[in-house]
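Knowing the structure of chain A, use the given hints to seat chain B on it.
For reference, the chains in residue letters:
Number of protein chains: 2
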Amino acid sequence: MGSEHALSLLNHIKGAELTAVCDTNAERMKWAEQHLPESVKYYDTAIELFESRSIDAVLICTPHYDHPTLAIKAFEYGYHVLVEKPAGAYTKSVQQMNDAAMKSDRKFGIMYNQRTNPLYQKLKDLIQSGELGEIRRTNWIITNWYRSQSYYNSGGWRATWAGEGGGVLLNQDPHQLDLWQWTTGMMPKRIRAFCHFGKYRNIEVEDDVTAYVEYENGATGLFITTTGEAPGTNRFEINGDQGKIVVEDGKLTFWRLRTPEPQFNAEYKGGFGSPECWKCEIPVAEGQGEQHQGILRNFTNAILHDEELLAPGEEGIHGLTLSNAMYLSAWTDNWVELPMDSDLFYKKLMEKVENSTFLKETTASKTFDVKGTY
Amino acid sequence: MGSEHALSLLNHIKGAELTAVCDTNAERMKWAEQHLPESVKYYDTAIELFESRSIDAVLICTPHYDHPTLAIKAFEYGYHVLVEKPAGAYTKSVQQMNDAAMKSDRKFGIMYNQRTNPLYQKLKDLIQSGELGEIRRTNWIITNWYRSQSYYNSGGWRATWAGEGGGVLLNQDPHQLDLWQWTTGMMPKRIRAFCHFGKYRNIEVEDDVTAYVEYENGATGLFITTTGEAPGTNRFEINGDQGKIVVEDGKLTFWRLRTPEPQFNAEYKGGFGSPECWKCEIPVAEGQGEQHQGILRNFTNAILHDEELLAPGEEGIHGLTLSNAMYLSAWTDNWVELPMDSDLFYKKLMEKVENSTFLKETTASKTFDVKGTY
Chain A
43 MGSEHALSLL NHIKGAELTA VCDTNAERMK WAEQHLPESV KYYDTAIELF ESRSIDAVLI
103 CTPHYDHPTL AIKAFEYGYH VLVEKPAGAY TKSVQQMNDA AMKSDRKFGI MYNQRTNPLY
163 QKLKDLIQSG ELGEIRRTNW IITNWYRSQS YYNSGGWRAT WAGEGGGVLL NQDPHQLDLW
223 QWTTGMMPKR IRAFCHFGKY RNIEVEDDVT AYVEYENGAT GLFITTTGEA PGTNRFEING
283 DQGKIVVEDG KLTFWRLRTP EPQFNAEYKG GFGSPECWKC EIPVAEGQGE QHQGILRNFT
343 NAILHDEELL APGEEGIHGL TLSNAMYLSA WTDNWVELPM DSDLFYKKLM EKVENSTFLK
403 ETTASKTFDV KGTY
Chain B
43 MGSEHALSLL NHIKGAELTA VCDTNAERMK WAEQHLPESV KYYDTAIELF ESRSIDAVLI
103 CTPHYDHPTL AIKAFEYGYH VLVEKPAGAY TKSVQQMNDA AMKSDRKFGI MYNQRTNPLY
163 QKLKDLIQSG ELGEIRRTNW IITNWYRSQS YYNSGGWRAT WAGEGGGVLL NQDPHQLDLW
223 QWTTGMMPKR IRAFCHFGKY RNIEVEDDVT AYVEYENGAT GLFITTTGEA PGTNRFEING
283 DQGKIVVEDG KLTFWRLRTP EPQFNAEYKG GFGSPECWKC EIPVAEGQGE QHQGILRNFT
343 NAILHDEELL APGEEGIHGL TLSNAMYLSA WTDNWVELPM DSDLFYKKLM EKVENSTFLK
403 ETTASKTFDV KGTY
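These protein sequence lines map, in sequence, to chains A and B.
Start counting the first sequence at 43; every next residue gets the next number (the numbering used here).
Start counting the second sequence at 43; every next residue gets the next number (the numbering used here).
Just so you know, not all the hints are guaranteed correct.
The list treats identical chains as interchangeable, and a pair is accepted whether it falls inside one copy or across any two copies.
[As the list claims (entries may be wrong)] Only pairs whose alpha carbons sit at most 27 angstroms apart, straight line, appear in this in silico BS3-like list of lysine-lysine:
no., residue 1, residue 2
1, Lys166, Lys241
2, Lys293, Lys321
3, Lys389, Lys115
4, Lys83, Lys72
5, Lys311, Lys72
6, Lys321, Lys311
7, Lys56, Lys321
8, Lys394, Lys72
9, Lys389, Lys164
10, Lys241, Lys311
Don't read these hints as lab results, they were simulated from the structure.
All figures in this text were calculated on a predicted structure; none of them were measured in a lab.
This is chain A alone, in the form it adopts within the complex (with noise of 0.2 angstroms):
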């Protein structure tokens, strides 16, 4: 991602300027050397990108463990952040840096990139702008992750406790784990989750899970997700006392009943029968906006002109709250009421780094072109 991104600021975003570059690791380095602008200055360490002063703001792509660290960091120095998602691998250090964001008088942002997508602001717009009414019930089935055994092999720290801190919820669903509930504007009271660890693949945390939420209103939720299912579906169905909305296969289906549901049930007398409904197809912009782009563009132009940010870094919790209490839910087996306790997680965590014995067959380190796959 690193990469894909210093290219971006390099050839699209008016306004940046890609000065520096930090990897630890040297192929990687090698990479951005020949691809990369002379006057950009490279360091082995955050340490020395930060002290450098050669930068106003970072972006940081490193594993999820360590964007907490790294980001708390940088706002000690007085930097920018727009950090990659997950926020982290687990709360209690993404509430630390959320701490240090709100200390700060810099911006935060996230890489949510499919906030840009037109297809979910339309659904956020529905939602909240009344449309739909009061939610009911809202059901993700998003079970095309597949990712063959080959695709955990190519890096040993892939798919462990200790390298990545989760697997399917924390790799591939962090965005649906934020549209989940920034388009709805609901996060659940609690969570029942069922997290199947190494169920078709040889690694050691989850490629399947079934979870089912509660919400504040009495509203319930499924969340529904697997690496191993080939093909797979994304659907997201939503119920509201004005009817229902699904998103699937790039469109945005609205079935509007014509008199809310609750006045219907209030007046109707006749025993069988059901409101009026017309089903509404809604337009939606072609495309899936800008994405990393406008992502990026939207941090810089919040950094000079003052933009409102798209995806706030402190907004990062959310989707991680999520996964973290599906995690405690299946290992506890029992409900997982929020907000979580952070401690607890973590230290259920940590138990599972230590107490990995994981070994699998790993081939070489292998950078993937992830073009289309995040």
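For chain B alone, coordinates are given in the frame of chain A:
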């Protein structure tokens, strides 16, 4: 339902003769006397009917609780039995009914008319012929059983523990609970369900359920149902080693993998990438099949010509086990392992019946036209 079946037997079922009718409801008896031929005999109680020897077979369309009691009695008298769905209200009595049927040499059928639907017959065919491969996930969203409060108010017995023994699972979903395991050939080994009682309507039983199940082979499943949403969804997705089937809007679509997923996974070395997949529109015979008349005809032919039963009565316990286990899981806020503890369930159900203090505003008892609603 009884009147519908009586007219079908009279007008459409070759080999069947409607000789007698029994009802404790005077109004329904009046209807029968007005609409049925003079040759038909009338009885106020089941015992009078059974004693009369005016029948060879009995079709039991009473409140759910009475199905097993009456069926057992009918077998004692040596009659063939066709029972309406659900098989009963609790598995303990249904097991007794099955035991009685086993001891008898009479035919025993259940009115699972949806088994005549070409859509579900084709689904069963695709799964059981191996086209889909081993099942990995089943997911039925069946939320289009909308019922307004006026429906529930139409009879004091409706949606009470004492009167019906349950809500949406027992009254609206028996077909789906049957088809879910009939088409896949799989019963779960454990269930974790979340039932909401009187959530959308002024009733004491459940009107909203999310149930998660696990099967012996490691597959998982979901069953999501409510009477409170409009418009609902009826979408059954089944994933297997060789692709995915979706049954929705009267259509069956099979996303067929060219190479089974396990083989692809074993052979593929490219990291990202997934098996080639063909979207196949599967031909399904027009219409919904013969429905109730199909079951009546099949049952008649089973008696007269020893035709194989499409819906053997003994199989009614499977769907009922699923709904009983969902209640038990919700009541105990815990897993329920199958086979379920039928005695425990019966005890808990009777507690609900005894402790019911539910009073609802009931309009005069109504017999709605049920065409197209079951």
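Here's how the hints hold up against the structure:
Within a single copy, Lys166 and Lys241 get their C-alpha atoms only as close as 34 angstroms, which misses the 27 angstroms cut-off; across copies the closest is 26 angstroms, which meets it. Proximity of Lys293 to Lys321 under the C-alpha cut-off of 27 angstroms is found in both arrangements, the shortest distances being 13 angstroms within a copy and 18 angstroms between copies. When the C-alpha separation of Lys389 and Lys115 is checked against a cutoff of 27 angstroms, the pair qualifies only within one copy, where the shortest distance is 23 angstroms, while the shortest distance between copies is 61 angstroms. Taking CA atoms no more than 27 angstroms apart as the test, Lys83 paired with Lys72 passes inside one copy only; the shortest distance there is 13 angstroms, against 95 angstroms between copies.
In the homo-oligomer, the alpha carbons of Lys311 and Lys72 lie at most 27 angstroms apart only across protomers (25 angstroms), although the nearest pairing inside one protomer, at 75 angstroms, exceeds that limit. For the identical chains of this complex, Lys321 and Lys311 are intra-copy neighbours only, at 25 angstroms inside a copy versus 44 angstroms across copies, given an alpha-carbon limit of 27 angstroms. When the C-alpha separation of Lys56 and Lys321 is checked against a cutoff of 27 angstroms, the pair qualifies neither within a copy, at 42 angstroms, nor between copies, at 43 angstroms. In this homomeric assembly, Lys394 and Lys72 never come within 27 angstroms of each other (Cα to Cα): the closest approach is 35 angstroms inside a single copy and 71 angstroms across copies.
For the identical chains of this complex, Lys389 and Lys164 are neighbours neither inside a copy (40 angstroms) nor across copies (50 angstroms), given an alpha-carbon limit of 27 angstroms. When the C-alpha separation of Lys241 and Lys311 is checked against a cutoff of 27 angstroms, the pair qualifies only between copies, where the shortest distance is 19 angstroms, while the shortest distance within a copy is 51 angstroms.
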